[in-house]
Each structure stands twice: as structure tokens, then as C-alpha cells.
Amino acid sequence: MSEFLLQARELTKDFPVSGNRRVHAVSGVSLEIRDGETLGLVGESGCGKSTLGRLLLRLIHPTSGEVLFRGQSITGMSEKAFHPLRRQMQLVFQDPYASLDPRMSVRDLIAEPIINWRLCDGREAVTQKVVELLEAVGLQEEFLYRYPHQFSGGQRQRIGIARAIAVDPAFIVCDEPVSALDVSVQNQILNLLKALKSSRGLTYLFISHDLSVVRYLSDRICVMFLGKVCEIGPTEAVYRHPRHPYTRFLLDAVPLPDPSLRGKELRLLEGEPPSPTNPPPGCCFHTRCPHAQPRCAREAPPLRDIGEAQVACHFAEGL
Amino acid sequence: MERMTLEVRHLFVRFRTEKGVITPVNDVSLQVPEGSIVGIVGESACGKSMTARAVMGLVRAPGEVTGGEIILCGRDIASLPEKARRQLRGSEISMIFQEPMTSLNPVMKVGKQVAEAVLLHSRCTWREARERTLAAFRDVEIPEPEARFDCYPHQLSGGLRQRVMIAMATVCKPRLLIADEPTTALDVTVEAQILKLLEKLRDASTSVLLISHNLGVIARVCDRVYVMYAGQIVEQAETEVLFKRPLHPYTQGLFWSVSSLREGCETLKTIPGVVPNLRHLPEGCSFSLRCDRCVAACEKEAPGLVEIEPGHAVRCLLATR
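As they're listed, the protein sequences go chains R and V.
Under this note's numbering, the first sequence has 244 at position 244, and the numbering climbs by one with no breaks.
Under this note's numbering, the second sequence has 165 at position 165, and the numbering climbs by one with no breaks.
Chain V with its partners taken away, still in its complex shape (with noise of 0.2 Å):
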């Protein structure tokens, strides 16, 4: 039996609005073994940052976590009071974002930042976090550690900015990372080499939930990708499997549109439509809308999801039939 650092049960996440409920995380269940880097895939929208920010335990009102089970190396969290939770972040579980610039302290110089990570979370000296955040720094190869200690953010490059933030996120050596789009403000030559830094903390022992809307970082690093639609789960796999024979007609949409252009076809393939309103979801399959596979079935009843062979389940009345 494979340990699970990682386990979420029937998550949702409802915010309350003047127009009507939404349900952003509408019922999710989602797994992350030990030692592995597992893949949330989706278009905007799609609930895939609310999820990881629910398993932080980072909702902000009018949203909150209306129920589910949010399961940390063997402990439910989801149950903790908000101090509780607060001590887990950082050391247990941390979470790096899309923009660098944005989650740093401008005015802070970047290795104090990353030390007081340190400080917070363990009994030791000024003295000693500096050296452990030199450690870290090391570690995420930032070049020439001790002088960029004293660099403001401004200072460094968005690669570099993003180096800080994983170090300031690992320093503490967590179980758990969640990456939100770690690599979508940088460029590719930068993207590359962030990712293997995601490879080299998955061997250390650090397990890595990696949120992204591109086909191809997911498939150089993930072990295990779920697809996230609407709310909703829509596919899970393997990676392997989910590439080599992806099942939901919006999976198989999102990888014609990546080939499409990639084997640069006369005309690009397109998903119709647009990604729905929360607050107007179609009745039965929240997809229904935008598929051309769809039939009268697929308006009325919502599917549920389907184990087709071990490990890979779908969400799609035709795909199970």
C-alpha cells in the first residue's frame, strides 16, 4: 500500500454571493503518494488554485470550505482550529505562486524573509537561521548565496525571485509543497530549470501537488494528473496513460488544441464555447454545452466519476457506457 502524504475526501469549497451560491470546489477527491509530484490541470476557473488553497486552509470569506476531509500524512487538518493550521503552513505544508514579485516583501531583503520562516517555526538563533537559510538557498542553487542574502527583491531576476520563494517555502522541510503555477510568469530557458528543481525536492522527500494549465509541464514532471473542470474532477490518471489515452472529450479537447499546433494543421482544433459561469452550470454534465459528442442523456443526468481500468477514472456518461 503506497503511503499518502497527501489525501483529499469530497472536498468542497461554496462562495456565498448577492447573485447566488457558487460552488467552486464541487466535490473533489484527490490523492498525492509519498515522493511524488501529482498535477492539477485546467483552464481558468476551473478550481484548481481554490482546491490548494483550500488544502492550505487559505479561503478568504465569502468563501468557505463547506465540507470534506483534508487528510496530512494520516492527520484530518480540515477539522483543526485556524491556529493549529497556521503552525502547519510553512512547516508542514507550504504553497509558491504564480508571480514571485507579488508574495515577497518588497522592502524586506529577501534572505531576512527566509529566515524568519525559520524563526517561526523552530527554537534556534539569528545566528542559525541565517545558516540554514543559506542552506536552502543552496539547495534551490541560487549562485553566490551569501550575497544575495542582502538583495532586495527588485534586485534579482523573475528566475531567481522564484528560486527564493521555494527556498523560503522548503527551508522548513515540509511534507507537502503546492506549486500554483510556479513556472507561467517565466521564460522557458527559466521554466526548465525551475522544474527540475521541483524533481530534485519530489527525491528529497518532499511530495509536490503542481497546479498548471500546461499540458507540456505536466508531462515532464508529474507522476499522476488530475483534470479539473468547472468545479469538478472530470479525468484522473497516470500521466503516461492519461497522454497515451486520454477518455473525457474535454481532456481529448485540450490535447487536439496542444497537437493541433504543434503539428501546425490548415486549421487549429478548438474546444466551442467558452468556460461556463459557475453561477449558470447546465443541468446534468457541466460540459454538455461545449461537446460534440453530447446527447440527450448527457443534459439531464450528471455523471459521475468512473473507474474505467485501475487508476483512471472518468467523468462522462459515453466514456463508461
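Just chain R, with the same shape it has in the complex (with noise of 0.2 Å):
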């Protein structure tokens, strides 16, 4: 048995778009996410976080390379085969509003996993699951015949959280499940993730643009840029010591919720991102780096041990 639950090896996916250009939307990422363990994956919009997040649950497919689950390989497999394993893999989404049907009830909703995977049988058992899965996510039973216009964002994420528990999974995605959520409701539902994980022995991988989130409730992180890991290492080494000019630039930009820092002088990141159809050579993010040299521009930097962190930058250790 693999110590990783889930393992990607040089996973890439283009998407075409016109003018026979193809977007790499992800390029030859290799990760590994223990059993247990909660991986936060952050990067600006465009870097590919989701479709990494897709292509590890199998909702898409790889243009090159491999996604192993407990060691055994789900990206050759015929449909029938990984279909047992489709259970054990489970997203909550990041609009609350959109995922749910409007035209069903709280019970169907969270039913129709149940249903589907024959988890009960009969009727009542199946309320009765659904009643326990409220209770898991904090909702109250009278909520059963209501339907999602009746909640708010908060609750709404409370049912899609349900819907994705309902089938007992090993592994969940949560793609930005608190950004459109507010400050005071974002941090009851992350209180109720981490209480899930440990109650129920969850593997995460946390997708999120908000760095503070992400630190709350990962292990380790994953930094992303353009389609290319950056940094990846345990969540209080990389923001204690980012080694990677690109995580530095993301961690100094978040405004702090502290007015005595005002008026001190920012770097900021200068020009506009590079385009993902037509990406730099050598390294993805030398045309903004600040410490770029030419050895940037021709060689594009592998991930490498540094500290208790792997960095794909080629002058980390002198930064």
C-alpha cells in the first residue's frame, strides 16, 4: 500500500483555442498528497489550480501524464473499471449558488448521492441519512423540504459540503468553497471542513486565491504560476521563508488588517502576466522576476530540494 493517497506525475492538459493555438493550461506538474493530509493549492486566476484540481479527480483527462490513486493508475482505466473509485473522490465547488438545483429539495439533493450509490435502502432509510448529514454539517432537520433560494451562502455551502460527504469519500476537492462567502460565514465553514476532516479521516486539496485561508487549514502548500509549480513544501516553512521570487511577490501583496503598516513602500509585481498560449521560454516567470539572468530566459528551472521545500527557481539559494 502507497503512503500517498494521491500521486500526479508529469501531468499536463492543453485546451485548443482558436487560430490552432493551444492553452497549457497545466505543464508537467508532479505532486504528491499523503493520506490525511490537507495540500493547499493557491496561484493567481489563470494558473491552472482548478483544471489541476479536475484532472486529478478524473472529470478530465490528462494530455500527457499519469494520476495515481493509493498507487494504482485511474488515468488508463476504462470507465467501469474507476467507477468504484468515483466514490471515493468528491468536489465542493466555490459558488454555492450555481451547484445546487434550484428546482430540488434539501433532502433530494443530498439524497441523490445516496441513491445513486445504493448506500440505503428504502425510502426512510435514506431520510434518515440525509437527517444525519445535516446534522453533520450543522443544518437542522426542518430544513429537509426546503429548497436552496430559501438559504444563504453559508447554509448553501453547508448542503454542497453534505452532498459531497454523502458517499463516505477518502479524497475531496474544495475548490474556493469560502470565497464567495462573507468574512463572518467563511469562518464557520472552515471550522466545520477541519472538523470533518479529523471526525472522518479526509484527505484535502484546498484551492484558494486567499493566502490566509490557506495557511489555516493546509499542511503542506503549493504554489502555482502560469501552468508550473513554483514552490511546494510545508505550509509554515514556505510562508515563513519563501524561497521563490513569485511566492514573495503574492505573500507581500496581501493587504494586512493593520493601518500602522500603511505608507510603507510595496514591491510590486511590474507589467502584465505572460500569456498562457504563448508562454516564456525557460523559466514562466523570468519576464517579471526582479533577479531574472539570462540563464532564465534559455533553461527552464526543475523543482529542487531546498530546505524543507522544493523551488523551481535556478537562484533560490542566493535570493
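Among these hints, one or two may not hold up.
Heads up, simulated SDA-like pairs for lysine to any residue below, C-alpha to C-alpha not over 20 Å straight-line [stated by the list, open to error]:
no.: 1; chain 1: R; residue 1: 264; chain 2: V; residue 2: 197
no.: 2; chain 1: R; residue 1: 194; chain 2: V; residue 2: 262
no.: 3; chain 1: V; residue 1: 269; chain 2: R; residue 2: 168
no.: 4; chain 1: V; residue 1: 200; chain 2: R; residue 2: 270
no.: 5; chain 1: R; residue 1: 264; chain 2: V; residue 2: 175
no.: 6; chain 1: V; residue 1: 269; chain 2: R; residue 2: 191
no.: 7; chain 1: R; residue 1: 197; chain 2: V; residue 2: 269
no.: 8; chain 1: R; residue 1: 197; chain 2: V; residue 2: 264
no.: 9; chain 1: V; residue 1: 269; chain 2: R; residue 2: 192
no.: 10; chain 1: R; residue 1: 80; chain 2: R; residue 2: 144
no.: 11; chain 1: V; residue 1: 200; chain 2: R; residue 2: 271
no.: 12; chain 1: V; residue 1: 196; chain 2: R; residue 2: 270
no.: 13; chain 1: R; residue 1: 194; chain 2: V; residue 2: 269
no.: 14; chain 1: R; residue 1: 197; chain 2: R; residue 2: 151
no.: 15; chain 1: V; residue 1: 244; chain 2: V; residue 2: 320
no.: 16; chain 1: R; residue 1: 264; chain 2: V; residue 2: 200
no.: 17; chain 1: R; residue 1: 264; chain 2: R; residue 2: 251
no.: 18; chain 1: V; residue 1: 19; chain 2: R; residue 2: 151
no.: 19; chain 1: R; residue 1: 197; chain 2: V; residue 2: 267
no.: 20; chain 1: V; residue 1: 196; chain 2: V; residue 2: 175
no.: 21; chain 1: R; residue 1: 197; chain 2: V; residue 2: 223
no.: 22; chain 1: R; residue 1: 80; chain 2: R; residue 2: 28
no.: 23; chain 1: V; residue 1: 269; chain 2: R; residue 2: 180
no.: 24; chain 1: R; residue 1: 264; chain 2: V; residue 2: 241
no.: 25; chain 1: R; residue 1: 264; chain 2: V; residue 2: 199
no.: 26; chain 1: R; residue 1: 264; chain 2: V; residue 2: 189
no.: 27; chain 1: V; residue 1: 196; chain 2: V; residue 2: 34
no.: 28; chain 1: V; residue 1: 269; chain 2: R; residue 2: 68
Chain V side only, calculated, beta carbon under 10 Å to chain R, not exhaustive [claimed, not checked]:
no.: 29; residue: 80
no.: 30; residue: 154
no.: 31; residue: 158
no.: 32; residue: 160
no.: 33; residue: 180
no.: 34; residue: 183
no.: 35; residue: 250
no.: 36; residue: 253
no.: 37; residue: 257
no.: 38; residue: 258
no.: 39; residue: 260
Simulated from the structure, these hints should not be mistaken for lab results.
Cβ atoms here follow ideal geometry from the backbone N, Cα and C, with glycine treated the same way.
Make one complex out of these two single chains by using the hints.
Okay, here's the thing in C-alpha cells:
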């Protein structure tokens, strides 16, 4: 048995766009997720983090590379052979407004996966299970026959989470689960996700653009830029000593709720992000990197062990 | 005496709906001094955007401004007829929105859209309007302004689109810019650039009213902050004072939510419950349902906004005792 729940090996995904060009959404990403850990995935919009999440779940197929679940490749598998594994891997979406069918009651929404997987027999038993799930996500039984529009954003996200855990998965990809929520409600959902993880032994891939949210939940974090991993390592190590220049810019840019820091001159990223249809040669960050050398434009840096983390930069030691 | 760019006094906005009357802006008073950035912070549906729309004169039916004064540079504009209000928009007051893609015309070149604003508000030739547009593009640090002039919105990144919006809003040098969640749809590195741009505008004598739910954004650029909850201002203070000594339980709850997340507490602090429905506001204090220090008096008596120290006012019975 592998110690890794999930492994990605040289995963690449291109999407065709007009004019015979291709967008390189994910290019050559290799990473491992250990059983029971939370891996945080951060990066700015368009860096390929959601695409990577979907690749790991086999919701889309990679252009090349493979995904292993408990040491077994799921990339080449037939639909039929993969089917039992689908139950092990679930997804929580960003937008709780868009991901719930407005014409289904809460009972039917949560019962759907239970019935599809034949986890309970008989209507009564299914309803009983739905009530248990509602309790597990902090909703009352009286909500059973209400519809999504009658709930607030936070409550809808709880329903989305109940759907995901209904089939007792091992692995859940949470794709920006709190970005659409208010600050006070966001923390309620984060507490819930953390509690569910320990009570049900879940493993998360937690995708977010909000660095403080990721820091709170994750054991390790992975920073992506333009379809590639720039830095991956234990959360505290990366936050305290970011090694990749991009990680530093990203951490510096987060506005802190502390007015005494006003007036402090910020190092801002210059220029526009490079295009994913035509990524720069060599290191994809070199066009915006203040430390770039001629070598960076020629040679793409591989991920190397530096300290506790792995960093894709030729000059990470000297920075 | 500080000169005020904007002064709002006892503003009310009401919506008549089939299920009754709601008041998303309930007796709001605020001031934006000349050459400053003033923030309104609050969660969804607290009335912060509706306050901004009322100042712009953009409240649509079934909503209407039912009371209050809106004083722009010494002149009450709330009572002006619609035609005069329209002339103010774009020249004296401008507004930028959260999602720049939906505020720009997708089938018109961005340069032309900005130049149109110039032609609307000043007598000048197309050539002059183009020159002023290019100058505005340079002011908001759009790289290669000549090339961008002929781009369509979809050809630009989110950050560039927001810069075009700011250029459009400021090309006529308004006295006041209202920025409604201007960076919420943007990445953090781009957000930092846009916030710096707002500071640059303030230094060029355009006052800014910044609406945001993000306390980090507020702390970084605002001189003064108003906290809104359920249609009312519940606390107001200088930014440093508010962040050092928040007094209203709601403000404290917001701050603790953010700081417990940053400090990585085992269990995150939250504010219990959800934002109340404006149709079913509790009697007495509107925050009483979610407040952990609520006493019997809070459920009976609606607290007024009381000044605790100069410039720092709170709407809470306990804080004023």
C-alpha cells in the first residue's frame, strides 16, 4: 500500500483555442498528496489550479502524464473499472448558488448521491441518512423540504459539503469553497471543514486564492504560476521563508488588517502576466522577475529540494 | 475646519416590495473630507453599495431615496432634477464597480468608450478627446496606451480593464470617486497595484469613497472608516483608532474573525448566525440576535450613534455606558 493517497506524474493539460493555438493550462506538474493531509493549492486566476484539481479527480483527462490513486494509475482505466473509485473522490464547488439544482429540495439534493450509490435501502432509510448528514454539517432537520433559494450562501455551502461527504469519500477537492462568502460566515465553514476532516479521516486538496485561508487549513502548500509548480513545501516553512521570487510577491501583496503598515513602500509586480497560449521560454516567471539572469530565459528550472521545500528557481539559494 | 468633498446627512433609501417596505439605507450620515480616502466596510446586503448608488443618483425603482441631504462640495444635490444629476455624473462624481467586464461595452473599443465620456462633458474635438484619453491611460499606468486605445475589453486582462474603468471615471477630474469593491474580482498582486493607483488619485485631489468587505484593503488605504450593518452605520472612526480599539461587538467580531484566521487558532472565531433579513429585523438593536453580550435592554431599545471620543462614534448601548 502506498503512503500516498494521490500522485500526479508529469501532468499536462492543453486546451485548444482559436487559430490552432493551445492554452497550456497545466504543464508537467508532479506532486503527491499523503493520506490524511491537506494540501493547499494557491496561485492567481488562470494559473491552472482548478484544472489541476479536476485532473486529479479525473473529471477531465490529461494531455499527457498520469494520476495514481492509492498507487494505482487511474488515467488509463476504463470508465467501468474507475467507477468504484469515483465514490472515493468528491468535489466541493466555489459557488453554492450555481452548484445546487434550484428545483430540488434539500432532502433530494443530499439523497441523490446516496441513491445513486445505493448506500441505503428504502425511502425512510435514505431520509434518515440525509438527516444525519444535515446534522454533521450543522443544519437542522426542519430544513429537509426547503429549496436552495431559501438559504443563505453559508447554508448553501453546507448543503454542498453534505452532498460531497454523503458517499463517505477519502479525498475531497475543495475549489475556492469560501470565496463567495462573507468574512463572518467564511470562518464557520472553515471550522466545519476542519472538524469533518478529523472526524471522517478526509484528505483535502484545498484550492484558494486567499493565502490566509490556505495557511489556516493546509499542512503543505503548493504555489502555481502559469501552469507550473514554483514552490511546494510545509505551510509554515513556505510562509516564513518563501524561496521563490513569485511566492514572495504573492505573500507581500496580501493587504494586512493593520493600518500601522500604511505608507510602507510595497514591492509591486511589474508588467502584465504572460499569456498561457504563448508562455515565455525558460522560467515562465522570468519576464516579471527582478532577479532574472540570462540563464532564466534559456533554461526552465526544475523543482529542487531547498531547505524543507522544493523550489523551481535557478537562483533560490542566493535570494 | 476641514473642507468636505461629500457630506451625506440622514439618508434613507426605501424599497416598496410586495412583501412590505424595507429600508436598506436607514439614516446614514457620512463625510468625505477633501483629499482623503474614506472606507465603508460591511458584509453583503448591509447597505454599503446602496448608499453609494444613492449618492450617485442611481437608485432604481422600486427603490427610492426617501429622505436626507447629499452635499457635494457645499451644494445639496439630492434635490436636483434628474437632468442636472446626470450632468454631475462623470464630471463631478464617478463610480467604478467590482466587475469591470460587465461595466464596459464589449463591442466598442476601450479608447472610444473613454473618449466618449470626455466628449459628453466638455466641448472639444475628437482629436482633443483622444489626447485626453491617452493622458488618462498614462495616469493610470496602462502600458502602451496608443496600442490599448484600439483594444476591445475582452482583449485586456482583468487588471487592465479595471484601469480602463478608472481612467474613464477620472478623465474629467471629478471631485469624488466612488469605488465599489474595485479589487474584489482581481488577484492580490493586481489588487496591490490598483490600491496604489487610488492613493495616487487622492494625492491628485480626487477624494475617494471606497466600499469593501476586506479589512486588509481598508487598513491599507483608508484614512477614515464607517462600519455598516443592516442598513445603519454602527461604528465610525479614524482607521488607526478603529483597528486599535473597535467598540461595537459587530466590528470586534469582524476583526476577531480575520485575526484568528491569521494567527491560526485551533478553532476560528466566528459571528454566530447570519446577516438578518431586512424584512424581519429584530426590535431594538439590529445586531442583538447575533451578539454574545446582548442584554434585555438591547432587545427593547434601538441604540443611537453616540460619540465616545472625538471622531469615534458607536451604535451600542453597552459601549456608551
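Status of each hint after checking the structure:
{"no.": "1", "hint": "R:264 / V:197", "verdict": "holds, 15 Å"}
{"no.": "2", "hint": "R:194 / V:262", "verdict": "holds, 16 Å"}
{"no.": "3", "hint": "V:269 / R:168", "verdict": "violated, 28 Å"}
{"no.": "4", "hint": "V:200 / R:270", "verdict": "holds, 17 Å"}
{"no.": "5", "hint": "R:264 / V:175", "verdict": "violated, 27 Å"}
{"no.": "6", "hint": "V:269 / R:191", "verdict": "holds, 9 Å"}
{"no.": "7", "hint": "R:197 / V:269", "verdict": "holds, 18 Å"}
{"no.": "8", "hint": "R:197 / V:264", "verdict": "holds, 17 Å"}
{"no.": "9", "hint": "V:269 / R:192", "verdict": "holds, 12 Å"}
{"no.": "10", "hint": "R:80 / R:144", "verdict": "violated, 33 Å"}
{"no.": "11", "hint": "V:200 / R:271", "verdict": "holds, 18 Å"}
{"no.": "12", "hint": "V:196 / R:270", "verdict": "holds, 13 Å"}
{"no.": "13", "hint": "R:194 / V:269", "verdict": "holds, 13 Å"}
{"no.": "14", "hint": "R:197 / R:151", "verdict": "violated, 24 Å"}
{"no.": "15", "hint": "V:244 / V:320", "verdict": "holds, 18 Å"}
{"no.": "16", "hint": "R:264 / V:200", "verdict": "holds, 15 Å"}
{"no.": "17", "hint": "R:264 / R:251", "verdict": "holds, 15 Å"}
{"no.": "18", "hint": "V:19 / R:151", "verdict": "holds, 18 Å"}
{"no.": "19", "hint": "R:197 / V:267", "verdict": "holds, 13 Å"}
{"no.": "20", "hint": "V:196 / V:175", "verdict": "holds, 18 Å"}
{"no.": "21", "hint": "R:197 / V:223", "verdict": "violated, 41 Å"}
{"no.": "22", "hint": "R:80 / R:28", "verdict": "violated, 27 Å"}
{"no.": "23", "hint": "V:269 / R:180", "verdict": "holds, 19 Å"}
{"no.": "24", "hint": "R:264 / V:241", "verdict": "holds, 19 Å"}
{"no.": "25", "hint": "R:264 / V:199", "verdict": "holds, 13 Å"}
{"no.": "26", "hint": "R:264 / V:189", "verdict": "holds, 16 Å"}
{"no.": "27", "hint": "V:196 / V:34", "verdict": "holds, 18 Å"}
{"no.": "28", "hint": "V:269 / R:68", "verdict": "violated, 38 Å"}
{"no.": "29", "hint": "80", "verdict": "violated, 35 Å"}
{"no.": "30", "hint": "154", "verdict": "violated, 12 Å"}
{"no.": "31", "hint": "158", "verdict": "holds, 7 Å"}
{"no.": "32", "hint": "160", "verdict": "holds, 7 Å"}
{"no.": "33", "hint": "180", "verdict": "violated, 16 Å"}
{"no.": "34", "hint": "183", "verdict": "holds, 9 Å"}
{"no.": "35", "hint": "250", "verdict": "holds, 9 Å"}
{"no.": "36", "hint": "253", "verdict": "holds, 6 Å"}
{"no.": "37", "hint": "257", "verdict": "holds, 5 Å"}
{"no.": "38", "hint": "258", "verdict": "holds, 5 Å"}
{"no.": "39", "hint": "260", "verdict": "holds, 7 Å"}
Of the hints listed earlier, those the structure fails to meet are numbers 3, 5, 10, 14, 21, 22, 28, 29, 30, 33, in rising order.
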